[in-house]
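Protein chains: 2
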Amino acid sequence: MINIIGIGQNRENMTLGALNALKESDVIVGYEKYIDSISDIVEGKEIIKKGMGDEVKRVEMAIEKNFEGKTVSIVSSGDPGVFGMANVFFPLISKYDNIDVKVYPGVSALNYSASLLGAPLHDFAAISLSDLLTPLAEIENKLHHALLSNLIIAIYNPISKSRKEPFRLFKKLVLEIRGEDTLIGIVNSETYPSKVKVVKIQDLDEDKINMSTTLIVGNKMTYNEGSYMITPRGYVIKYQLHPMTIDFYQKFINGETPTGPNTECEFYPCHEEGQYCDFCYCPFYPCGDSSTGGKWIKNKNIWNCKDCMWIHKKENIDCVKPHIADMIKEPKDLVKNKKELLKLRRACILKDPKHY
Amino acid sequence: MINIIGIGQNRENMTLGALNALKESDVIVGYEKYIDSISDIVEGKEIIKKGMGDEVKRVEMAIEKNFEGKTVSIVSSGDPGVFGMANVFFPLISKYDNIDVKVYPGVSALNYSASLLGAPLHDFAAISLSDLLTPLAEIENKLHHALLSNLIIAIYNPISKSRKEPFRLFKKLVLEIRGEDTLIGIVNSETYPSKVKVVKIQDLDEDKINMSTTLIVGNKMTYNEGSYMITPRGYVIKYQLHPMTIDFYQKFINGETPTGPNTECEFYPCHEEGQYCDFCYCPFYPCGDSSTGGKWIKNKNIWNCKDCMWIHKKENIDCVKPHIADMIKEPKDLVKNKKELLKLRRACILKDPKHY
Chain S
0 MINIIGIGQN
10 RENMTLGALN
20 ALKESDVIVG
30 YEKYIDSISD
40 IVEGKEIIKK
50 GMGDEVKRVE
60 MAIEKNFEGK
70 TVSIVSSGDP
80 GVFGMANVFF
90 PLISKYDNID
100 VKVYPGVSAL
110 NYSASLLGAP
120 LHDFAAISLS
130 DLLTPLAEIE
140 NKLHHALLSN
150 LIIAIYNPIS
160 KSRKEPFRLF
170 KKLVLEIRGE
180 DTLIGIVNSE
190 TYPSKVKVVK
200 IQDLDEDKIN
210 MSTTLIVGNK
220 MTYNEGSYMI
230 TPRGYVIKYQ
240 LHPMTIDFYQ
250 KFINGETPTG
260 PNTECEFYPC
270 HEEGQYCDFC
280 YCPFYPCGDS
290 STGGKWIKNK
300 NIWNCKDCMW
310 IHKKENIDCV
320 KPHIADMIKE
330 PKDLVKNKKE
340 LLKLRRACIL
350 KDPKHY
Chain G
0 MINIIGIGQN
10 RENMTLGALN
20 ALKESDVIVG
30 YEKYIDSISD
40 IVEGKEIIKK
50 GMGDEVKRVE
60 MAIEKNFEGK
70 TVSIVSSGDP
80 GVFGMANVFF
90 PLISKYDNID
100 VKVYPGVSAL
110 NYSASLLGAP
120 LHDFAAISLS
130 DLLTPLAEIE
140 NKLHHALLSN
150 LIIAIYNPIS
160 KSRKEPFRLF
170 KKLVLEIRGE
180 DTLIGIVNSE
190 TYPSKVKVVK
200 IQDLDEDKIN
210 MSTTLIVGNK
220 MTYNEGSYMI
230 TPRGYVIKYQ
240 LHPMTIDFYQ
250 KFINGETPTG
260 PNTECEFYPC
270 HEEGQYCDFC
280 YCPFYPCGDS
290 STGGKWIKNK
300 NIWNCKDCMW
310 IHKKENIDCV
320 KPHIADMIKE
330 PKDLVKNKKE
340 LLKLRRACIL
350 KDPKHY
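If you read the protein sequences in the order shown, they are chains S and G.
Mapping the first sequence onto numbering that gives the first Met the number 0, position 289 (from 1) lands on 288, and the numbers just tick up by one.
Mapping the second sequence onto numbering that gives the first Met the number 0, position 286 (from 1) lands on 285, and the numbers just tick up by one.
Wrong hints could be hidden among the right ones.
Pairs count within a copy or across copies, as identical chains cannot be separated in the list.
[What the hints assert, rightly or not] The calculated SDA-like cross-link candidates involving lysine to any residue, where the alpha carbons are at most 20 angstroms apart (straight line), are:
id: 1; residue 1: K305; residue 2: S93
id: 2; residue 1: K320; residue 2: G254
id: 3; residue 1: K338; residue 2: S161
id: 4; residue 1: K49; residue 2: V235
id: 5; residue 1: K350; residue 2: D130
id: 6; residue 1: K338; residue 2: E139
id: 7; residue 1: K163; residue 2: K338
If you are wondering where the hints come from, they were derived from the structure by calculation, not from laboratory data.
If we strip away everything but chain S, and leave its shape as in the complex, we get:
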């Protein structure tokens, strides 16, 4: 049997299956840094350490040992299926008859990094910036499309001492396509515990990252909360309608509410001069989405929109309003159709021309 084993990012996220398989192996094959990190588990076994760049050789030696009747484990950091040893092994499997192989998946760098950053992921892409085996133009094309489609992006192998061009291209593309406010989560695992930081793309300094760094690129909805990087999925927060909200939406449905800035109102401007008042009460309240400036009043279960101008801007009202009439036939539809309302809001934030 040949095991291809992901040992995770550290002992804590090694899987039970990986630990057992390592213990039951006769021979352990791997890059020396990874083998050193599991030396206590594999003590006394036959060890074949090879350097970086010897990947094919490592697989061939493992197969040779297996033909001698030994149970062999090839170790990979993280998950062997994500830029790991499974990707080296399987293209070679057809060279031989009857190889019994099992892959032990592991916690990959993107999953580990996300766990330290909080909850940065939504739909995402994982792209390696190493152009050793992949043309740089192919990497550029993938980055380009991932950035255009608002995917979160996990970056593997961001830079090395001799390979800085792909990183510079990456930074340029993020700035051009997703903009200077794009948040980047930086997880550096060169030392333990890993160092974690969230910066804006313009402040991402190439001297601060290396081969042990994973980057997570936020999307248009990602925000920073304390030390966390969070991308909201848009879960509905249950909430009772305020009587004044019910009153407003009854008037809205009857066509009795103002459009544009309501300078007659005694509270105008409750947010800022020039604000549109078409939705005096936000139809998405409480969205619970801190990316727009709203925030929770601590320990009170009250969502405070004072610093959110979103629903008072003309362009957003123009996007939202034509659809609200279909969704809100009576005030309680604000609760009943909340999921659809939040999806409408999401589409308008992303300015997706095809939606609604």
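Following the hints, complete the assembly by docking chain G onto the known chain S.
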């Protein structure tokens, strides 16, 4: 302390950290199916099971229990950061002061599925087809860009009893953009062990998949080998140049080799009628890439190109030839510059107009 714990796809890929944290918890909160799968570990603890769709409620109950001074674990299948409970939890964290939280990353469905399929991943995207919280047009846009850029795509939540439209849209887009030969890895984990199958997109039957299925969409280089789905990364296989190869490339460099079909040759057509003979000996030999029809002769370390026509087709020669002269100044450059040669080949397979 609140732990947000990924329990993996089954016991074997639960992490050591997850197991310990579960054991040390007072209260376990989670979707009932996941809690049932760890009942032996959490026996005797306070258990709060909630149904699907109660995610926000689950988090609020966990926080409440934590305020009572208890160590609480919220469980997620797979990785809690990938469409899991971390994504529900963190947008709510700012409601309260001083919540101590730790995320235990896990083996996500895509990593597990890849491990059963062999090595299908290269650069990839992970996209959920659930349009409960995400507008379908946003999902479509992400699929569109991921397909255009040759990313492998892992599909989460492909279909449910009441939600078939996103799946049909997905299938249509794959057919249109990546073509009918696109390979799809299907991993269904409704029963144990999981059922694994590789089909072409046109044979992907919606009646055969459900909420427990993960799909892996291959790219233009992905191939099927026995029951495995493999996407080659392009590792260099070391090989000695054959004397006849050296002889051919010396002539090639001197401009003494034929162009187009060499009907004078005693072996013509060695592959098929009409073949171009500009590269009588393939400059990429051995590419080790079974996706082009080549294959290993079992147990002999010989790569057999008999069924590969790639280097004998005019369009490929037109793409490759202008650059070969720069790369091959003497025959041994075939070995020395193998990485660059394989990248050139890759760019021509992908027909990337920007590269080379």
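Verification of the supplied hints:
1. K305 x S93: between (64 angstroms within a copy, 16 angstroms between copies)
2. K320 x G254: Only inside one copy: K320 and G254 sit 12 angstroms apart there, 70 angstroms across copies, limit 20 angstroms.
3. K338 x S161: So K338 and S161 pass the 20 angstroms test across copies only (16 angstroms; inside, 49 angstroms).
4. K49 x V235: Classified as between: cross-chain Cα gap 16 angstroms, same-chain 51 angstroms, threshold 20 angstroms.
5. K350 x D130: So K350 and D130 pass the 20 angstroms test across copies only (17 angstroms; inside, 34 angstroms).
6. K338 x E139: between (36 angstroms within a copy, 19 angstroms between copies)
7. K163 x K338: between (44 angstroms within a copy, 18 angstroms between copies)
Checked against the numbered hints given earlier, the structure satisfies every one of them.
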